[in-house]
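Number of protein chains: 2
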Amino acid sequence: MNKQELINQIYAKKSFLCVGLDTDIAKIPEYLLEYEDPVFEFNKSIIDATAEYTIAYKPNSAFYEVDGAKGWLSLEKTIAYIKEHYPEIMVIADAKRGDIGNTSANYAKAFFKTLNADAITVAPYMGLDSVEPFLNFDNKWVILLALTSNKGSKDFQYIDTDRGTLYKTVLYKATEWADSNKLMFVVGATHPEELKEIREILPDYFLLVPGVGAQGGSIEEVAKNGINKECGLIVNSSRGIIYASKDAHFAENAAEEAKKLQQKMQLFL
Amino acid sequence: MNKQELINQIYAKKSFLCVGLDTDIAKIPEYLLEYEDPVFEFNKSIIDATAEYTIAYKPNSAFYEVDGAKGWLSLEKTIAYIKEHYPEIMVIADAKRGDIGNTSANYAKAFFKTLNADAITVAPYMGLDSVEPFLNFDNKWVILLALTSNKGSKDFQYIDTDRGTLYKTVLYKATEWADSNKLMFVVGATHPEELKEIREILPDYFLLVPGVGAQGGSIEEVAKNGINKECGLIVNSSRGIIYASKDAHFAENAAEEAKKLQQKMQLFL
Chain A
1 MNKQELINQI
11 YAKKSFLCVG
21 LDTDIAKIPE
31 YLLEYEDPVF
41 EFNKSIIDAT
51 AEYTIAYKPN
61 SAFYEVDGAK
71 GWLSLEKTIA
81 YIKEHYPEIM
91 VIADAKRGDI
101 GNTSANYAKA
111 FFKTLNADAI
121 TVAPYMGLDS
131 VEPFLNFDNK
141 WVILLALTSN
151 KGSKDFQYID
161 TDRGTLYKTV
171 LYKATEWADS
181 NKLMFVVGAT
191 HPEELKEIRE
201 ILPDYFLLVP
211 GVGAQGGSIE
221 EVAKNGINKE
231 CGLIVNSSRG
241 IIYASKDAHF
251 AENAAEEAKK
261 LQQKMQLFL
Chain B
1 MNKQELINQI
11 YAKKSFLCVG
21 LDTDIAKIPE
31 YLLEYEDPVF
41 EFNKSIIDAT
51 AEYTIAYKPN
61 SAFYEVDGAK
71 GWLSLEKTIA
81 YIKEHYPEIM
91 VIADAKRGDI
101 GNTSANYAKA
111 FFKTLNADAI
121 TVAPYMGLDS
131 VEPFLNFDNK
141 WVILLALTSN
151 KGSKDFQYID
161 TDRGTLYKTV
171 LYKATEWADS
181 NKLMFVVGAT
191 HPEELKEIRE
201 ILPDYFLLVP
211 GVGAQGGSIE
221 EVAKNGINKE
231 CGLIVNSSRG
241 IIYASKDAHF
251 AENAAEEAKK
261 LQQKMQLFL
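Those protein sequences? They're chains A and B, same order as listed. If you count by our numbering, then the first sequence holds residues 1 to 269, one letter each, in order. If you count by our numbering, then the second sequence holds residues 1 to 269, one letter each, in order.
With the rest of the complex left out, here is chain A (with noise of 0.2 Å):
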């Protein structure tokens, strides 16, 4: 997928959500886990539920190793999915990888070709070499860790360097490695006042924002300080959609609660 594509998708649907597929078993329906693979009915219903009001979804990694190489179908049949019957939503795999060369070429190989996801969230610890490998395919997306939005964002991303904080030294770095048709950043929802200083450092970069919802952050903050002129946002909601009910209606209320954020993300747009 390339930039215009999302973009497009996001101006047509008057939405830029990205839902989170952070599917836990333990937090679905009762009954789903009747099936072979609860969590990928899961995921289905979810899908087909919120697709209108979404153009992204982003499955965590963590959610499906936890059940090892079941878990690992279990995504591979998600992704595919999401390819098969909505090819327009771009899917961002949140794997926050990140290895020498070598290691992160493999990483590459398995999240762009093996699982066919658009973009993959990096590490940026390990500097150019561990980031390049994935930077080397046409139409996919590196999204690199620079602002989180949890607590421990705090211990080193905000540590003073020559170029202003390490996480800002991460930002002047990386857009040096790529452009904005292949880069994006992650910047948490629950950082409004440096997000707005970080889209005047990238006009152009898209953002995605994690934190609204369950972290704290807002969707207003957020749109106000980092839109652009192509929006320019990617905001991720996970918890608050997926997990909107646990009954038989989980999925309605899972687009319920999408529509609401899409319906105040419009405004913006």
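Heads up, a few of these hints could be off.
Copies of the same chain look alike in the list, so a pair counts if it fits in one copy or across any two.
To be verified - Simulated pairs of lysine-lysine, DSS-like, Cα-Cα distance not exceeding 30 Å:
no., residue 1, residue 2
1, K113, K246
2, K154, K173
3, K246, K182
4, K260, K109
5, K13, K140
6, K109, K246
7, K173, K44
8, K140, K173
9, K113, K70
10, K27, K264
11, K182, K77
12, K70, K83
13, K113, K44
14, K109, K154
15, K113, K151
16, K173, K113
Hints listed in this document are in silico derivations from the structure and should not be mistaken for laboratory results.
Dock chain B against the given chain A, drawing on the hints supplied.
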């Protein structure tokens, strides 16, 4: 596995060698491709041949994920095989994970419970709550990236901060989180001078040292600069051992390479 068990094994085998199971299906002997799970068959032969010289095996998750669910199955079987036949040997999942607390808790369960690894490598960028869930398991280890062996280590890890270079800030901060009974650090063999200084900062922690062999580091330099009174080193070699040859004698040849390294190591123990 606790620290004393690890030390006992090191002195019993007179070795601090870790064999990296970075098994690439394109690089294994062709006749193994006839098996249902060639990667597992290869690993089994390598493990049986090298176990007497080896105190840890380190499968890197990238080389398994590249085959999707099937690859994860090979990884599960490989770890189960080590645990069944060589329970004294440490299994390090080289996964470089790290995410918000709720998500890292799932990674911890994936690697420590589902896969039953003894240790996992973790990326520090997201701070304490991304690392803490891994620390909540008894007799399991976090091996935090500090100074990695790759070229890209220069990009961020050497940035100046108030407490010295960034990797030193990582060391200082993380040693507040856990002592040397739960936490180790990755320090690449390609930085011998820095290794010496790191050992002065961290007299008691074990260091996992990759980068010997194909990446250019030397065992003598590492041992001279990094050893402490309990050894305190786990030195990894991957490609130099497991791809010593590509014919029917690949396992014997791997054993010879492992033995050569072990014999260099015993001079320091």
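> Which of the stated hints cannot be reconciled with the structure, identified by number in ascending sequence?
Replying inline: Numbers 3, 4, 7, in rising order.
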